[in-house]
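Asks: Read off the chains here:
Number of protein chains: 2
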Amino acid sequence: MKNKPFLTTRKLQPENQESPIHFLSTWLTPAKYFYRRNHFPYPSLTDRHLWLQICGNVPQPRFFHLNDILSLPEKSIILPVECAGNKRAYFDPKVHGEQWEDGAISQGKWTGVPLSHLLELTGFYNQTKEVVFQGADFGRKPDKEDLIPFKRSLPLEKALHPDTIIAYLYNDKPLDYTHGYPFRLIVPNWYGMASVKWLYKIELINDSFNGPFQTEDYVYYPHKHNDHKSFPVTTLQVNSTIQQPLPFSILNTGVHEIKGIAWTGKGVITEVEISLDNGDTWQKAVLERLNEPYAWTKWSFLWHVEKKGEYSIYARAKDSQGRIQPMNAFWNRKGYGYNAVSKVNVKIE
Amino acid sequence: MKNKPFLTTRKLQPENQESPIHFLSTWLTPAKYFYRRNHFPYPSLTDRHLWLQICGNVPQPRFFHLNDILSLPEKSIILPVECAGNKRAYFDPKVHGEQWEDGAISQGKWTGVPLSHLLELTGFYNQTKEVVFQGADFGRKPDKEDLIPFKRSLPLEKALHPDTIIAYLYNDKPLDYTHGYPFRLIVPNWYGMASVKWLYKIELINDSFNGPFQTEDYVYYPHKHNDHKSFPVTTLQVNSTIQQPLPFSILNTGVHEIKGIAWTGKGVITEVEISLDNGDTWQKAVLERLNEPYAWTKWSFLWHVEKKGEYSIYARAKDSQGRIQPMNAFWNRKGYGYNAVSKVNVKIE
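In order, the protein sequences belong to chains V and H. Residues in the first sequence are numbered from 1 upward in steps of one, following UniProt numbering. Residues in the second sequence are numbered from 1 upward in steps of one, following UniProt numbering.
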């Protein structure tokens, strides 16, 4: 009998479930194991949602039907989508919000049309500053009266990047309803809140977009009681996760494979190091890469251990921009971008 | 769309998965949501396992076929089975082993034949001291050479208790393979390790049984570095779990239902109290009971909160033996029987 993992349920209203990241080892996360992070109830979709609207300050505003979009040249990219709150449960002091552990990240093959192709067809004015993306999902937020749609913007330059795509396939199949069918914006290198699901309206504007998911949530607030020095959440931190062994597991003496994944939003992972002496000395893990610029890197390290006792396993990734996972994460009030050195304690019996 | 929870995967080899206790509110846990706690790989079952053997120091040793057992008078009991390691993740200092949070407990209706009926048919000698139960599962343990079967004993008196049953139905259906088909011993009031799955051999002995799951594991060791003052894990502690609200959730001002379950291995739950001021004052929750002596008690409390800020919700249960959940759990090296006051932090925005 092959034992199978499940998503880990964090909340049901709205549905927030974590990927069983410790028990997956494929490059492409199967759709059923992709983490689910929703701000609102699932939207009711109609034929209207098969039309993607580009509007706002645009020379030729128009609607693109799914079939129009399928007829355009497609592009496929393998990349992880990571929730900005991934690993929030590890902040110390603790912060409120979904208590994600390591599984608010999943990787797959996204296929779609670059947004820049669509914007060539509609045209855009020189003074365009941002592009606003609206999903079909909406609902209430604490401390607000009105119904609020999920809306986020990108600077024009990021929106025009050739790898910013409107995806309609995941792992070569139509997107699951839970993951944004029929259209999901995919923004490489940014945290997942930018990759808007159930995308149905794209608006070009000449100023800066404000909205609760742009200027209230998904903002780093370094202070507990005031908003000083806050700044927006955008690109992924350099980060890693130890998939095996499991936290607080009890193992035999002998050889164990320590393994995991590492990823970054700037450049590529150049090194993953392991420490077995609380960070005094570090040894290089073996890296395994896809020939894909944004995909996560797998790493592994063979650990020979003969002495019984308790051990801490540390892992830290470095990227080609010289960034390295810090010993302590940058604490912020809403708990985004946790990327401290990954740690797993084990006992050898 | 109705969002559904999943089991939470703690380990796959062997399979250890937690019940989504925060998202279930029925008296009877559906079999698919029953927690899975295995010591070894799932056993390969054959027709041999349809025969339950009673042997050892017995006047009339014999095998009972499933059909023999089905023909005997049946008894149904609703009760929770709780892993002795439930809530282990909350010990401070942390202990090694499966990091169960609140979901290593599930409740259902168990139907079977009292073991005492079978022992009337085989007879037993006056000098019998213990009854040893063996499951079909076996495997390796760290730091041991041999293959080890899962074996546990009960004192004769507990084995003869009219509510100690050999169950073959769960919620009116044959036991799931993952939960001990065809026979599971059910020992009311004791932690789950006593309720041996895939039961196929019962041996009566005149002395005390020793085995790794009896005298090494499932023992309270109060000291980290020695075995002084150790004693066996048997009856359930008085305990409770807050099912809602969820830990570190962000809520509106207004009225919230705080709700959960409480249970004990001695007597019945007489009171559940809630504190919203870190334990200075306590208010009674409303209890809801089944007319079943071992079933858990549901409790709820309506919380009116108008002031924004961070709150800790405490819940503690009392039983008819005068036991009450302590502010701090009794720390023990292998992490059994955690039953400190239940706590959930929330933020009101």
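Some hints could be false.
Identical copies carry no separate label here, and so any pair may be met within one copy or between two of them.
Heads up, simulated SDA-like pairs for lysine to any residue below, C-alpha to C-alpha not over 20 Å straight-line [to be verified]:
1) K343 <-> E271
2) K11 <-> P41
3) K11 <-> G97
4) K11 <-> K32
5) K318 <-> P41
6) K2 <-> K75
7) K32 <-> L169
Bear in mind the hints are in silico, worked out from the structure with no lab data behind them.
Asks: Now, for every hint given, state plainly whether the structure supports it.
Replies: To see whether the hints hold, each was checked on the structure:
no., hint, verdict
1, K343 <-> E271, "within (17 Å within a copy, 41 Å between copies)"
2, K11 <-> P41, "within (12 Å within a copy, 31 Å between copies)"
3, K11 <-> G97, "within (11 Å within a copy, 26 Å between copies)"
4, K11 <-> K32, "both (17 Å within a copy, 19 Å between copies)"
5, K318 <-> P41, "neither (38 Å within a copy, 39 Å between copies)"
6, K2 <-> K75, "neither (35 Å within a copy, 34 Å between copies)"
7, K32 <-> L169, "within (14 Å within a copy, 31 Å between copies)"
In terms of the numbered hints stated before, the structure departs from hints 5, 6, listed from lowest to highest.
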